Structures are given as structure tokens and as C-alpha cells.
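The listed protein sequences derive, respectively, from chains A and B.
Be aware that the first sequence starts at 2, since it is given in the numbering used here, and climbs by one per residue.
Be aware that the second sequence starts at 6, since it is given in the numbering used here, and climbs by one per residue.
Treat the hints as calculated values from the structure; they're not laboratory data.
This structure is a prediction, so every number in the text was calculated from the model and none was measured.
Keep in mind that the hints are not guaranteed to be accurate.
To be verified - Quick list of in silico lysine-lysine cross-link-like pairs, DSBU-like style, CA-CA up to 30 Å: (1) A/Lys79 x A/Lys146; (2) A/Lys72 x A/Lys146; (3) B/Lys168 x A/Lys316; (4) B/Lys143 x B/Lys123; (5) A/Lys146 x A/Lys68; (6) B/Lys168 x A/Lys146.
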Amino acid sequence: MSGIYNDPIGHWVVVVVAIAILLFVVLTATAYTVWFERVALGHIQRRPGPNRVGPWGLMQLAADGVKLAFKESFVPAKTERTLFVVAPCIAVAAAFLAWAVIPIGLWYNVQYWIADINVGVLLVFALSSLNVYAIVIGGWASNNKYSLLGGLRSAAQLISYEMALGLALVPTFMIVGSLRLRDIVEYTVTWGPYHGPIPLILLTPIGFVIYLIAAVAETNRAPFDLPEAEQELIGGFLTEYSGLKFVMYYLAEYVNMITVSALAALLFFGGWYLWFVPPVLAFLLKIVLFLFLYIWLRGTFPRLRYDMLMRLGWKVLLPLAIVNVIVTGTILVASQG
Amino acid sequence: MAIVIFFIAAAMAVAGGIGVISFRQPIRSVLSLVVVMIALSVLFLLLSAQFIFVAQVIVYAGAVMVLFLFVIALLGPAKEIAKSRLRFQASLSALFVLALFGLLWAMLQGVTYRQPDKTVDMSIFGTVQSIGLGLFTKFLYPFELTSLLLLVAAIGAIYLSRKEGDDR
């Protein structure tokens, strides 16, 4: 394997194949996340959910995909045509690029990643901050006041919660001393007779809670789905989108959901380590649990009002995250000194 | 490979820069500026400055430009109408550009290029750890003073945006 990596052309072949496999896996996972959400939401609301196409409705997404792909690619009059088309592309590109730095534990001591860079998690943040453009540009280019307001709301929301999200992870970085996701998962402790990796939630429980809330807001999911609050804004920035361009936004949203779930599993729950469960299954199980949490939240909580959302972000989560950083730092220094 | 990426990124940066001044729609100018920022971040990455690369994307492309976009998006899709009374600026600017290039050319006359410093340990250069260490040891005072400056600016902005007689 290392021989292939050292050969310049072999290296490129390996990387391209790896990207292709990853793209396929993430796309498939996205499709079944949508299915999972619809079935789970259905059961929460005491109805069966999709169950007609294929066994247990498993082919529903294929049917929906074909339907949406064959729809007329409609662009309303007086829109900014170029930007209207570019915006959903940015969303999809940013969503998929984040998977370049996410390591996947396949088996014991066998991991898979495309780029193992020093800045790791920060790259995911950088890409999620670019995601704002997709929404603002889409909303603006639609030439529709509801789209514009939805886009702007979303920009304000994402900027506000990005800070809490970033600061929530600082204690983790301080403890581990690295931003590399692999180092964070492999972080080992020696507590009495136990020596091995631990889920970092034990060390930064507050950081995890802040991350969880802020991540829901970052992915525009209920109860923080204000950019597309339908009672106030029709469909928000999505109002004028249909067909494949709508699918791209939809896809980006679900890929982002899987990304933040995977990050939560890696950062706080020890990634692919889980007792005797094989690594790849453990990692998958943790992601699915987080996805279920998302769906559960959507089925349970009413949407927040806009001022409540802003108050929560700026006056609760951000100060809490800063205090968490200071407390963690103090404890770290005290325990070393 | 690096040289190919360099030229692509450099071309993107120049094209974005031209876009900033030549588009008639403010929002397109802002987006061109975003292209410049991202192209510059790629150049930082080529220089092994991983942290600067990510900081450039997060801070400039992700935060500063989004605020620009936020304000300009509210203007609506109106195009700026070209004003004809400033026509004389075109010839004047050509003159200034010529002068600038002359100066640049004169400046680059005595330049000698040198090889990159081979003694630098590339395994830690530009990493988060080395930058953090630098900021909190060697550059502690400038770093803290800068943060004070930013705090003053933030407080000033909050004070100025307050309405008269608003006690909240």
C-alpha cells in the first residue's frame, strides 16, 4: 500500500478512487437518511410513513429522485440566472468537501481518509462558513422578497452559531493538543488500571451540549429552521427552486447533517471505538444515533422565534462556551502544575 | 503540480480583482472579492501555511465578506448606472497605472532571489501548534495589544449603533 502511495501516478489513482468511493457512500447514506427521517417522523406522528415503493418503502428515494430529475428545470423570470444556478452548486460542493478530512475507521488499526491535514476540523468550519454563500446568493438571486429574507436570516443565524460551535470545541483541542480528527479519536488516558482511548464527552460535557445545539442551528434543521419558516417566509431561500437545483440544496442539507453527526461521533464519542463492536459498525451506529436525535428533535420541538434564536446564540451559548474554555484551561494548567 | 495550482490560483485572484472593479452590480463585486480571498488562501496553502489558509477562509471569506454580502443583498438586484461626468478618470487612471508599473519595474531592478531556508523544519512549519506557540511566547505583547484594539473597535461599534436616549 505504501508503495502505491509513493509512486506519483499511483498516488493520484488511489486518491481518485478513494474520492469516488466516498462520494458513492455519502450519496447512498444521504438517500437512506431521508428515508429514515420520513419513516421515523411518520412513527412519531403515528402514521406509517413511506411504505409503498419497494420493501418498507426503501425505494422511495429512487422514485423521488427520478421524479425530480425529470422535472422541468425552471428558472423564474427576472432572476439573476448565473448566480441562481451557481448557488446550489456551492452548497453541494461545500457539503461534500468536508468529507475530505473526516477519517473513517474501517477495522482495527485500519483507517481511511482522503486528507490528513494538521488543521483538520478547522477546514470543516471553513467550508461550513462558505455554505452561507449558497443560501444568501440563492435567496438574493431569486428576486423574491421571501427568498431574500430567508437568505439573510440564515446568514445571521449561521454567523451567530458558528462562533458558539467553534468555541465549544476549543476545550477538546486544548485537552488533546491537536486539531487532527484522528489524533482526537486516538486520544488515550491512563486512569488507574485503565489505559486506552476514551470518549471525550467525559472530559468536556458542556462543550458537547453547546456543539449539539449549535450544530442543529448550523444545518438549518428544526427547531432552528428559521431560514425556511413556512408560516412567515413560504419556503425561505428555497421558494423559487425546483427540480434538480432544489435537489442540490436538499442533498447539501442532508450531507451536512451526516457530517455534523460524524463529527460529533469523532470529537466526543471516540469515533470508531466502542467496547467490542467492530470499528466500522461502531462509527456507523454512532452516526445513526445522532441522525435519529436530529429527527427526534424535528418531530418534538416547535420552531423558535427569531429573537429567541438570537438570544440563545449570543446570550446563552456564546458566554457559556467562553466560560467553558476558561474553566478547562484552568483545570488543565492546575493538573499539570 | 504545485506550479500548476499556483498559476490557476493566481489567475483566479487576478480575475477576481478585475471583477471587483468592473462589475456594475455591487453583489457581483462582493462575490469577486470572495474569489480573490479564496484564491489567496490557496496560495497560502501552497506555501505550507495551513493555519493561515484556514484562517483566511474562515475570517475573510466566511465572516467579513458575508457581512458585506448581508448589507449589499438588501440593495436588491439594481445595477449601478455608469456616470459619464467622470469620463476623464479613464485617461487619468491609465497614466497612474503606467507610473505604478514604472515604479514597480524600477523597484525590481536590484532584486536578487534566494533559495528557501533549508534549515526550517517543514514538519512543524505553519502548523497550528507552531503558530500558537509563537503567538503566546515571542509575539505575546503584540498579540494581546491587537486583541485590545479589536475590543475597543467592538465597543465603539456598539456605542455608535445605539440610538439617542436608548437605555437598554
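Checked hints:
{"no.": "1", "hint": "A/Lys79 x A/Lys146", "in the structure": "holds (13 Å)"}
{"no.": "2", "hint": "A/Lys72 x A/Lys146", "in the structure": "holds (25 Å)"}
{"no.": "3", "hint": "B/Lys168 x A/Lys316", "in the structure": "holds (21 Å)"}
{"no.": "4", "hint": "B/Lys143 x B/Lys123", "in the structure": "holds (22 Å)"}
{"no.": "5", "hint": "A/Lys146 x A/Lys68", "in the structure": "holds (28 Å)"}
{"no.": "6", "hint": "B/Lys168 x A/Lys146", "in the structure": "holds (28 Å)"}
The structure meets every hint from the earlier list without exception.
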